[in-house]
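Peer 1: Spelled out from the first residue to the last, the chains are:
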Amino acid sequence: MNVHATGGDVGKRSLSIIDALRELEGPLLPILHEIQAEFGHIPQESLPVIARELNLSRAEVHGVVTFYHDFRQQPAGRHVLKLCRAEACQSMGGDAVAERVKAMLGIDFHETTGDGAVTLEPVYCLGLCSCAPSAMLDGAVHGRLDPARAQALVEEARR
Amino acid sequence: MTVRIYVPRDAAALALGAEAVAETLHREIAGRGLDVKIVRNGSRGLHWLEPLVEVETPAGRVAYGPVSAADVAALLDAGLAEGRPHALCHGLTEEIPFLKGQTRLTFARCGVTDPLSLEDYRAHRGLTGLEKALAMDPADVVREVTDSGLRGRGGAGFPTGIKWKTVLDAAGPQKYIVCNADEGDSGTFADRMIMEGDPFVLVEGMTIAGLATGATKGYIYTRSEYPHAVKTMRNAIVAARAAGLLGPSILGSGRAFDMEVRVGAGAYVCGEETSLLNSLEGKRGVVRAKPPLPALQGFLGRPTVVNNVISLASVPIIMDRGAAYYRDFGMGRSRGTIPIQIAGNVRHAGLYETAFGLTLGQIVDTIGGGTASGRPVKAVQVGGPLGAYFPRALFDTPFDYEAFAAKDGLIGHAGITVFDDTADMLKQARFAMEFCAIESCGKCTPCRIGSTRGVETVDQIARGIEPEKNRDLLTDLCNTMKFGSLCALGGFTPYPVMSAMTHFPEDFRPTPMVEAAE
Numbered sequence: 001m002n003v004h005a006t007g008g009d010v011g012k013r014s015l016s017i018i019d020a021l022r023e024l025e026g027p028l029l030p031i032l033h034e035i036q037a038e039f040g041h042i043p044q045e046s047l048p049v050i051a052r053e054l055n056l057s058r059a060e061v062h063g064v065v066t067f068y069h070d071f072r073q074q075p076a077g078r079h080v081l082k083l084c085r086a087e088a089c090q091s092m093g094g095d096a097v098a099e100r101v102k103a104m105l106g107i108d109f110h111e112t113t114g115d116g117a118v119t120l121e122p123v124y125c126l127g128l129c130s131c132a133p134s135a136m137l138d139g140a141v142h143g144r145l146d147p148a149r150a151q152a153l154v155e156e157a158r159r
Numbered sequence: 160m161t162v163r164i165y166v167p168r169d170a171a172a173l174a175l176g177a178e179a180v181a182e183t184l185h186r187e188i189a190g191r192g193l194d195v196k197i198v199r200n201g202s203r204g205l206h207w208l209e210p211l212v213e214v215e216t217p218a219g220r221v222a223y224g225p226v227s228a229a230d231v232a233a234l235l236d237a238g239l240a241e242g243r244p245h246a247l248c249h250g251l252t253e254e255i256p257f258l259k260g261q262t263r264l265t266f267a268r269c270g271v272t273d274p275l276s277l278e279d280y281r282a283h284r285g286l287t288g289l290e291k292a293l294a295m296d297p298a299d300v301v302r303e304v305t306d307s308g309l310r311g312r313g314g315a316g317f318p319t320g321i322k323w324k325t326v327l328d329a330a331g332p333q334k335y336i337v338c339n340a341d342e343g344d345s346g347t348f349a350d351r352m353i354m355e356g357d358p359f360v361l362v363e364g365m366t367i368a369g370l371a372t373g374a375t376k377g378y379i380y381t382r383s384e385y386p387h388a389v390k391t392m393r394n395a396i397v398a399a400r401a402a403g404l405l406g407p408s409i410l411g412s413g414r415a416f417d418m419e420v421r422v423g424a425g426a427y428v429c430g431e432e433t434s435l436l437n438s439l440e441g442k443r444g445v446v447r448a449k450p451p452l453p454a455l456q457g458f459l460g461r462p463t464v465v466n467n468v469i470s471l472a473s474v475p476i477i478m479d480r481g482a483a484y485y486r487d488f489g490m491g492r493s494r495g496t497i498p499i500q501i502a503g504n505v506r507h508a509g510l511y512e513t514a515f516g517l518t519l520g521q522i523v524d525t526i527g528g529g530t531a532s533g534r535p536v537k538a539v540q541v542g543g544p545l546g547a548y549f550p551r552a553l554f555d556t557p558f559d560y561e562a563f564a565a566k567d568g569l570i571g572h573a574g575i576t577v578f579d580d581t582a583d584m585l586k587q588a589r590f591a592m593e594f595c596a597i598e599s600c601g602k603c604t605p606c607r608i609g610s611t612r613g614v615e616t617v618d619q620i621a622r623g624i625e626p627e628k629n630r631d632l633l634t635d636l637c638n639t640m641k642f643g644s645l646c647a648l649g650g651f652t653p654y655p656v657m658s659a660m661t662h663f664p665e666d667f668r669p670t671p672m673v674e675a676a677e
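Those protein sequence lines, which keep their order, are chains H and E.
Okay, so the first sequence: first residue is 1 according to our numbering, each after it adds one.
Okay, so the second sequence: first residue is 160 according to our numbering, each after it adds one.
None of these hints come from the bench; they were simulated from the model.
Check each hint, because a few of them may be wrong.
As the list claims (entries may be wrong) - Pairwise CB distance ranges, derived in the manner of DEER restraints:
#: 1; chain 1: H; residue 1: K12; chain 2: E; residue 2: A229; range: 47 to 57 angstroms
#: 2; chain 1: H; residue 1: E25; chain 2: E; residue 2: N638; range: 36 to 46 angstroms
#: 3; chain 1: H; residue 1: E155; chain 2: E; residue 2: K449; range: 46 to 56 angstroms
#: 4; chain 1: H; residue 1: P48; chain 2: E; residue 2: E665; range: 27 to 37 angstroms
Quantities reported herein were computed from a predicted structural model and do not represent experimental measurements.
For every residue, glycine included, the Cβ atom is placed at its ideal position computed from N, Cα and C.
Okay, chain E solo, but in the shape it has when bound:
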């Protein structure tokens, strides 16, 4: 019987040498005359073990990692094809604690299946959500999504069903589903993993969104920094069209939906929905004032759903299992699961999907295993470059939209970047302002000018020039940006700056420079 060996094609695995591992494996298998089929899967999200090679055995899949090309021959000698022990063997993949502790709903198939095999997708409960949606009234589909409690996973946390309802009720000759896959936040990679590891779930989610709102055309707007995701997503769309899943008659229903991938051009601000829409239209990615809401006047001025990848990719399982199933996970007003991305200076980096409610300390210390450098954790930035820096003192904060807001932070797209005690928080505050200055679209003054003045003010503090006065000035500037900016770029840049200054005041009181005596 043919043995299946899995070597991931996810960009994180490729960045760590997965391609060379696959090539060597091919060569060795041919040389040894083994009956093996190599499957290029997505990533399981255990990134510290990438490239993670898995072998299918009667007991389940057995994991080996991190595997380098140089290990392949020795692994085959030791009996890799039968799942035999080796120093790199971690036993059954599903039993690895990092994976076993998760609740994988949105990422159920990611790393398990061949991303571009529709057969594999169907065999793992794919398309059942879409089939149910096809048999329902659009308003009932919207109600199901509303009842699930799903909120926008891009960061804003707006209820997805309510947005869909607005578009469903809006009149227009043409409506659109726009998937925001412009995942520019440092510390996040969930969208990329779905697009590379389970692209059909996004196709299915967008198709359901189209059925629910009366939109017949979808766009995935993603990043030029994600060439692998672009390629996989485009291939998946071609395959879906060929199988009648997309096109004039979805699965023979007579109802139409089609979609395409569009690639941005390196502007962070295009992750903001109105700027994204301008970019999609071929304009400068400048933010639009709201109202009008994109739901009423979005792409080309027509009613448009703009949803994050993870929001849309969570819809198929909600339709498949029902709103109550999804809603039963989580806490407070944060329902369902959230794919937490653990990144930076951390031992067990990767993607951890779980119900809302774990504390930050559990995520960083227990699941993440502390820092990669072995030094104490100093700060964690939650929610990307616009998220606050949390000190250990706030590690009891539960992972929940409202709980983070109450501590002057945000969960954003659920990325967590860990820093050890060598981090200089004044430098991090300066970077936040610098990044805002580089990426500002230039439309509103607090963001455009404020970010540059912010960099200068932090520099003055660092040089010991009137530090007290400049700290007050920086606070005042942050308030102006927070309340006066048009979008989250200028509006949220104060979060990392103020949290660094509030929680790590010692880094903002450098010893004043002493003039050398003449």
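Okay, chain H solo, but in the shape it has when bound:
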């Protein structure tokens, strides 16, 4: 069952996250990471709360949220598949693997499948350059991908 959080609820939960982290030196990134972990994205309703509590303008908070690739303004699919697009993975056929995955999912990078199962994202290096091409599915790492392994990964994500 999906429970839709109301604006007031988002504000309250955001505030308790801020309260737990506000004493850190430079608390904004840790707060945003926690908010994303809580809601799956950075809800618009949390921005004014963060701005007020950290004595920043809403524009400053918005600027930080949009600067970093990790922070989502919309929820992702149930699974997030990140494919490494950097040089070491290119040298081992990463482009072909990416094309195969895109075709299987029927989406491009930065998109989510129609059933909400998988969001596909590029990533520039997972530090697995010695076992390229590599990918990360919901935080689990996978190396030495070939079309067959990539297919197995997509099937796992689709479940």
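Position chain E relative to chain H; hints supplied.
Peer 2: Frame of chain H, contents of chain E only:
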């Protein structure tokens, strides 16, 4: 007697199925009633053999790899627990040529010990450097590091001791040690391996840096793409605090140092030190103009040492063995050892720590064993996405900061990515510009606009539109970016672009498209 079997927990091993190997091993051992303890170590860096399972025997550790979960039962049948032969057995780990040829100073413990066991750390000469530093004057610690010749391993190669001296001499109510663990360069994984395989060496190195400069607080700024490193590092800090290694009184000395891990959010440019500091402060990761130097006005405007993981992790052995011991390795002004990361299309991929001075050809052909695909090597990119592409003709270049600079390249964080002859260098040049456009912080015009214009210009060359004019334009644009950008992202993107165009001109002269006759 309990037999110890090692199954790595390094992300590279996990990406190749180490978790399933460990689970199957647990199950099989329990089923067979064997007296075995499984240790989850870091990686030895022989990544083509991962997951590399090791067994402790009276003769030394015996290696098996690459092991899959499906191999476990057969390996135990063949006598894995006694180190008996099998098709996957490579004999004694230390005798494998790739490992035997190395000089492991910074990575001495990586893959050998249990990363989160302080006891194991101490048993392998851990904390001896810190104990010596605690008995010395801060200025003497700084001098030792200066005398060792250690230079910034993040890529810039600035002498570490001189940076420390600036912070030591700076006045301030609070100083900081910031460890740059934002290892975003493709082809590099040394920082990740240390954080996952020997985290206490980084804790020790940062603590020594704190003692030497008067900083009492440290931050490790690392990447969200490294969840395993984040977890191991955080657990190590908790363990260090519990053991009195961090906190108000380091090892009972009455001197304070503590640290925490901060996680970035997917911005490559945050590996640049001033952008990193802004990010740490909770701002957009925009580059700051220098001066002021971070050493004088860094984190929150206070004196700050910003050092790479490998620089800091090399400090404990320098303090332990002395500056002269470390300085005696290497060549020219490149002293000590460098963990070379051999990646991409290469047979023996992994981490190879050695004194400076090997030639690029020795590294790629002899140590790396040529390409994984078996095709000829066409190019190697040295130093990550901002590093130059080297052709075979330059394979006699010795691995040294100055020698690479003299060939219009850089060693950067010492990552080497190998490409076979199917690589299209025009495509690689285009990617360098595209990557810069995606990751530019937007502060300075040459980087922000130049990268996008660069992609367009490369595309024009690819389509055969006025190729000569566009090649000149691209060269001019690269010069503007090189000399006009605020930081290395815009400033060094010309390296891969220009080296591709200079060394592989044939890839920049595609056959012009012929209009179909009506």
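Peer 1: Look at each hint and say if it fits the structure.
Peer 2: Hint by hint, here is what the structure shows:
In this structure, K12/H and A229/E meet the distance hint of 47 to 57 angstroms, their C-beta atoms being roughly 50 angstroms apart. Under the hint 36 to 46 angstroms, the C-beta atoms of E25/H and N638/E, about 40 angstroms apart, fit the expected range. At about 50 angstroms, the beta-carbon gap between E155/H and K449/E stays in the expected band of 46 to 56 angstroms. In this structure the hint that P48/H and E665/E lie 27 to 37 angstroms apart at CB is violated, the actual value being about 58 angstroms.
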